[in-house]
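Q: Chain by chain, the residues run as shown.
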Amino acid sequence: MLSLASVSAGYGSFQALFGVSLDVARGEAVGVIGPNGAGKTTLMRVISGMLPMNEGSMTIEGQAIGGLPAHHIIERGIAHVPENRRLFPRLTVEENLRVGAYIPTARARFAEQLDWVYSLFPRLKDRRAQAAGTMSGGEQQMCAIGRALMSKPKVLLMDEPSAGLAPLVVQQVFDLVGKIRAEGLTVLIVEQNVQQVLEVVDRAYLLEVGAIKLTGTAAELKDNSFIRESYLGL
Amino acid sequence: MDIYLLEAIINGILLGGVLALLALGLNLIFGVVDVVWISYADIVMCGMYGIYFLYAQYNLPLPLACLIAILGSACLGVLVHKLIISPVLDSPPLNQLLATGGLLFFLQSFATLLFGTDFRNIGVRLPVLEFATMYVSFARLIAFGVALVGAFALYFFLKKTYTGTAIRAIAQDREIVGLMGIDQRRVYLVVSAIGGALAGLAACLLALQYDVHPFIGNTFGPVIFMICVLGGLGNMLGGFFASFIISLIIAIGGYYSSTELSYVFAFSFFIVLMFIRPRGLFTP
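From first to last, the protein sequence lines stand for chains X and S.
Just so we're aligned: 151 in our numbering is position 151 of the first sequence, and the numbers increase by one with no gaps anywhere.
Just so we're aligned: 9 in our numbering is position 9 of the second sequence, and the numbers increase by one with no gaps anywhere.
Keep in mind the hints are simulated off the structure, nothing from the lab.
Being a predicted model, the structure only gives us computed values, none of them experimental.
Heads up, some of the hints might be wrong.
To be verified - Sample of chain S residues with no beta-carbon within 10 Å of chain X, all distances over it, derived:
1. Ile-10
2. Gln-108
3. Val-124
4. Tyr-162
5. Ala-166
6. Gln-172
7. Leu-248
8. Ile-252
9. Tyr-256
Unchecked claim - List of simulated lysine to aspartate or glutamate pairs, DMTMM-like, C-alpha gap at most 20 Å:
10. S/Lys-160 - X/Glu-220
11. X/Lys-152 - S/Asp-118
12. X/Lys-125 - X/Asp-115
13. S/Lys-159 - X/Glu-94
14. S/Lys-160 - X/Asp-115
15. S/Lys-160 - X/Glu-112
Just so it is clear, CB atoms sit at the ideal spot from N, CA and C, and this is done for glycine as well.
Construct the entire structure; sequences and hints are all you get.
A: Here it is in structure tokens:
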């Protein structure tokens, strides 16, 4: 479905990713774990076209998407829920969702998608006329995910969905991932919260200092002694 | 209440309508593109010359001349963005101010070169309405009504359409909008065209009341900036209300003293408020 081959990228003279290769199959949920500053967010930004890559190639369903700007990548079916949610705080919940349906194919079925998102997150329907910035962190995360789903993507990228949320809410957010998968979406999720993310993904990659260090199924990684020591504190 | 004071207040409110239209245009561009068009009032000057030549020289019907002037101003807005703003988008704000400030001198000098410094009037004489011994200029009444219609049309566009919602979204987080499929550069062009069209509409309304000359922009350009800063730069609703505050100060001040002194009052009010509320009257 989504495939990256030896992708390198960075900011100016600072290189953040060194030849990262990664594959996500249709319907799969894949995690990217790693410490702060490993390049996880950079990886997400490269895939969604916010940051151009310097080397390597990137394809979705076999079509090359490397080098396309963000507003074209989303038309190929990749939606990105950015770090810290980044809602438009003074727009209402429904207006945020409307912006999510900006691309022509999404506009055509706005009503249908809106019903779908509201059925996934009934809370958003209750809050639809409220300014997005006035909601709780968990509700904002729902809205950010809903906004990305409005474009009816094939692949959903989620960058640290649990960041800055209370523990109880974090659990709810990971439950949402399950809900989204049940709808047949492919998910690539970046998280520092290793323990919980390994409960919801099929496979994961460990990213350290801009390179893939380890990969395996969630069960394999949970048993891996390096992961257990360094990330699970066991 | 003194009937002449009431008349001054009514005229002040009517003047506020056109100023509000221009404040909306300037705030829209600033809020979205993040550049202050110092030369905004001179787009209005170009529009007024357009109407003068189309209507008074080439005898086109007035509504058609206005329509062409509005479309022409919209094109001028796009041109200004493409030629002047877009190359300096990533430059420091000072350079952007110098670029659009340079455009102001360019447009004024170019108009002087082409048309001379004569004051030209389109020669439409609208009646002055009298009721309850008060005199209200019909041209001002029309200007006020059309400006309000323009402002509400803009409001509905921003509120109800995808492009309008995208425009408001960009003003809140320009970095992220690409993820929703919004092409920033395209929206900048749309906004510049709308800003130009609003200046063109204001030109139509002002041409009914004022003579056009190359420096007409200087008479209300500074007032529009003051209004925008007073309302909070980029805050469209704030600018809208600030327009009426300033125009009322000018009208009432003019009633008690003279027109010249009334501008002194308005700017003094502005300076004092900048000490009290430096981020604008309506910025929380």
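Q: Taking the hints in turn, state whether each one holds.
A: Hint check results:
no., hint, in the structure
1, Ile-10, "holds (34 Å)"
2, Gln-108, "holds (37 Å)"
3, Val-124, "holds (42 Å)"
4, Tyr-162, "violated (6 Å)"
5, Ala-166, "violated (6 Å)"
6, Gln-172, "violated (4 Å)"
7, Leu-248, "holds (28 Å)"
8, Ile-252, "holds (34 Å)"
9, Tyr-256, "holds (40 Å)"
10, S/Lys-160 - X/Glu-220, "violated (51 Å)"
11, X/Lys-152 - S/Asp-118, "violated (61 Å)"
12, X/Lys-125 - X/Asp-115, "holds (9 Å)"
13, S/Lys-159 - X/Glu-94, "holds (12 Å)"
14, S/Lys-160 - X/Asp-115, "holds (19 Å)"
15, S/Lys-160 - X/Glu-112, "holds (18 Å)"
The structure does not agree with the numbered hints 4, 5, 6, 10 and 11 stated previously, though it agrees with the rest.
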